[in-house]
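Chains A and B, in that order, are what the protein sequence lines are.
For the first sequence, counting from 1, position 96 maps to 96 in my numbering; every step adds exactly one.
Position in the second sequence (from 1) plus 1000 gives the number in my numbering.
Because the hints were derived from the structure by calculation, they are not lab data.
Mixed in with the good hints there might be a few duds.
[To be verified] To give an idea of the chain B side of the interface with chain A (calculated C-beta under 7 Å), a few residues: (1) G1096; (2) W1116; (3) I1160; (4) A1161.
Just so it is clear, CB atoms sit at the ideal spot from N, CA and C, and this is done for glycine as well.
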Amino acid sequence: METAAEQIPLESFLFVSAILFSLGVFGVLSRRNAVHILMSVELMLNAVAINFVAFSTYTDGELFRGLVFGIFVIIIAAAEVGLALAIILRVFRSRATANVDEVSQLRW
Amino acid sequence: MTVAEIVFYLLALLSIVAAIGVVTVPNVVHAALFLILTLMGVAGFYILLSSEFLALVQILVYAGAVSILLLFGLMLTRGREQALPSVGPGSQWPLGLITGIVLGAVLITAVLDSAWPGDDGQVTMVSLNTLAGALFRDWLLPFEIVSIVLLVALIGAVVIAHHEEEA
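Just need the whole structure built from these sequences, with the hints factored in.
Shown next as structure tokens:
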């Protein structure tokens, strides 16, 4: 009885991950709502985590470093969302907007 | 076509369609709901990669906590720009689309053209016991550092979002 991962080539996972990452990049560049940009960043982080876990399962043998890094990616993403939402809330309170184009005071 | 392949293609379809929804729908709340779908699809990928623990963490932390946090953020920043058009004067979405397509083409070409190791069908199953042992023995220092990062981030979030009367 072979496992599910043995029936699917590594490329398939990398392929899906590449598409998810590109969609995330498109989202970050095209959206103007700060929370929406944050969601696109989450897409990119997930694409990276898929890559880590896929490489760990297929190539890293008994070391499974990618698996541990996948866990770290999820932890860092949770910290990032909490911090980013706090900043967005603060900006919204002083500017009454979540549009990143209107928050341009630090731009020269 | 085996069952695993069918499941993989269904999951890939689900997560990619939902991800397209995340970056294209104008309503931000709908985008957040699509994001939950994508995250569930990614959890399915983890199960296919025999990393059940990571799949559980993905559902608990991402689909559960992070998406609820995002929905709360949306609720609290609901303002006049709620129906903010992504198409309009000064909009950079065509450039973003070109960048996304070019990056995707480069990545997919790289994926398809490279000879990846691991095509010999050797797949490692990592049991939860082994993972826990490695995490708390070999990876103890990074684990502790990442806990401190999480703690600092959460304290920072509280401090930043704290409402000051004089501010």
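Hints versus structure:
Taking 7 Å as the C-beta contact cut-off toward chain A, the hint placing B:G1096 at the interface holds, the least distance being around 3 Å. Taking 7 Å as the C-beta contact cut-off toward chain A, the hint placing B:W1116 at the interface holds, the least distance being around 5 Å. The criterion of a C-beta within 7 Å of any C-beta in chain A is met by B:I1160, whose closest approach is roughly 4 Å, and the hint holds. At about 4 Å, the closest approach between the beta carbon of B:A1161 and any beta carbon in chain A falls short of 7 Å, and the interface hint on this residue holds.
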